[in-house]
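Chains as they are written, first to last, in numbering that gives the first Met the number 0: chain C, 0 to 389; chain Y, 0 to 389.
You can trust all of the hints, since none of them are fake.
One copy or two, either will do: identical chains are not told apart, so a pair holds if it fits within one copy or between any two.
For lysine-lysine, the following BS3-like pairs were computed, each having C-alpha atoms within a straight-line distance of at most 30 angstroms:
#, residue 1, residue 2
1, K106, K139
2, K136, K203
3, K91, K3
4, K266, K307
5, K43, K290
6, K290, K27
7, K290, K50
8, K282, K384
9, K139, K149
Hints are computed from structural coordinates only; laboratory data are not their basis.
2 protein chains.
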Amino acid sequence: MSEKNVRLGIIGLGAQGGMYAGLLQDGKIDGMTLGAIADIDPAKKELAAEKHPGVPFYDDYVTLLDSGDVDAVVTTVPHFLHAEMTIAAIGKGIHALTEKPAGVYTKQVEEMNAFAAEHPETTFAIMFNQRTNPVYKDLKALIDSGELGKLRHTSWIITTWWRPQGYYDQSEWRATWGGEGGGVLVNQAPHQLDLWQWLAGTPKKVFAKLAFGFQRDIATEDEVNAVVDFGDGATGHFMTSTNDIIGTDRLEMLFDQGKVVVDASTKVTVYRLSENERALSDKMTMQDVAKLFRGEMDPSSVYTVEEKTYESQWGQQHIAVLTNFAAHINDGTPLIADGAEGINGVRLASGMQLSAWTGREIDLVDYPADEYLAELNQRIEAEGKFPTRS
Amino acid sequence: MSEKNVRLGIIGLGAQGGMYAGLLQDGKIDGMTLGAIADIDPAKKELAAEKHPGVPFYDDYVTLLDSGDVDAVVTTVPHFLHAEMTIAAIGKGIHALTEKPAGVYTKQVEEMNAFAAEHPETTFAIMFNQRTNPVYKDLKALIDSGELGKLRHTSWIITTWWRPQGYYDQSEWRATWGGEGGGVLVNQAPHQLDLWQWLAGTPKKVFAKLAFGFQRDIATEDEVNAVVDFGDGATGHFMTSTNDIIGTDRLEMLFDQGKVVVDASTKVTVYRLSENERALSDKMTMQDVAKLFRGEMDPSSVYTVEEKTYESQWGQQHIAVLTNFAAHINDGTPLIADGAEGINGVRLASGMQLSAWTGREIDLVDYPADEYLAELNQRIEAEGKFPTRS
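For reference, chain C alone in the conformation it holds in the complex (with noise of 0.2 angstroms):
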């Protein structure tokens, strides 16, 4: 093994793993190639065979992680899993890519965060691919450089996640709660889940309306409304669902000297305020203010408009992820996402979860680990398919 060569082992060769070994196949990864693959369906075993012909094939993960053919992993296997394996690679020098979400409880998730924190010369990371997206890294470096102030309030409606029946008829695990621990909030919008609070900061409190098999035969939550409290009176929404075949996706986010508006992932509109929106405010004079009621003010004198349109990149975003977890693991060049941030998109769509479950508001901050997982494993035991968790 060359010192700027990364081999990886692929944990579960579905749709997912199958993409990542096509692209290291192919070269498109700078600074890592593809070690290994482990799969527990036999048939998988055949198509590794088949379209990575010379690779090491495993049929368990264990003895992947103890094969030597790999210094690191990614784990493309159901949410459940990404704790245990992450926690057992990590456990044996072998660096960790762990898929989106971290997990499906927070127990699970803390407990690898900790294991991880102990082991800091191994590298632990996490597929956030869209931080990558250039319309949320221009928005994130927008954001950090200050230039707009303090968030007032943000909304999200992102219902571009459409599923139709077949999609949750697919696989037995599928929107299940013993399988996959929950519906959209899981699977589709963990995605934004991490956007939002990597560009508007965690949210400390949530409440959430979610309508399970709502217009799907499923067991979990297909529609989310939701609202989330920021602190200091600052707060946010975010509605998502698998039954909107047309589809939204609009985030705005207001502050203090400016507003933002992302259209479809693509569409940025920046508004800039002359100054901070109180001082504008505390500067009219009365006779502004009747300007103002007779239509004689324009408000728009106050602030600029900027429009910018960004191609749309998805397929991009796996390859940055991939090549900045080799350059970590090469040269330490800074993570895109850490694995110990995963847990607040967990932690976040567990509280919705946990809030439509109780009719209660939910404390992130203070957040009710136990109850949640209680709550959880009840939906398990009540389906019947899958063990409980602990």
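With chain C held as given, fit chain Y onto it using these hints.
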């Protein structure tokens, strides 16, 4: 008095009352003339004499009701007074057009509605002028036709109600608990709270985050982010504020068979599915699903898009409601807004306040009216400027 001429008494010669007096004096309201004016402010007597010479002026509204000069009244006075003045008028057989909001707390509005119901011969209407806006009239007709099917979710972001600090500093009662009973929910947003429920139906529950004196030096709310539950899984989101100088007005409604998006109350986009979305979902084969994920299926093949842009017509709306009020009195023309419908907006606005105060989701069907009034009175007492209410 001609049977075809309704003599209107204006109670409260402020900005709104003055505007109606002007419209009547200019002959803009078919079937209605300016009968008399009442105001407790002596300065308004001079103003009335100057602008409306010959029109009787009274320094209290009861004298106006007893004068024989009016057949009907409009209550352009602080919100707390709408109910008692409307009850007094109807008790004397005088038709009443109450201003919005119908009141601040539901108890007083229910008393008004019950009293009006006992006097069906006297007209009881409410100034929901935005129901006459062609944008919303057409949308209401489309929804009522049943073509789009059942509501799934909706979101209204309405932050075009920007008000600078000077607006609040104009008078002692504005945005206080005792004088006005609330902030943006009571003064500005009642228009949208009515339109939303008129279009989407009456919610069964609400949870809201409000920020009181967030970006303005006021006691009440200038920031609202709320979710409502319409029952059967259908939900809604409502966000409003008076601190966004740029302003967003965007209504989205998703139905079983289509979607509507209204931008800036002028541009309407209607998406119509070829059939019910659930039927479309059920019909897709596994092959179709695979196609969808390979990007080979275009979901837009199953819907049409219609865009329509309306002219902004704000000035005409009050004329339409006054004319309709006169026509109802004169010949029984159906009312644009029956006075009894004002309760919905008051219940939703006060439910949002109560939710924010208590951190609970509030039941709007079995509404805790006494609890709301007790909480409001606590705030009126702490403020120490106005009497508590009962």
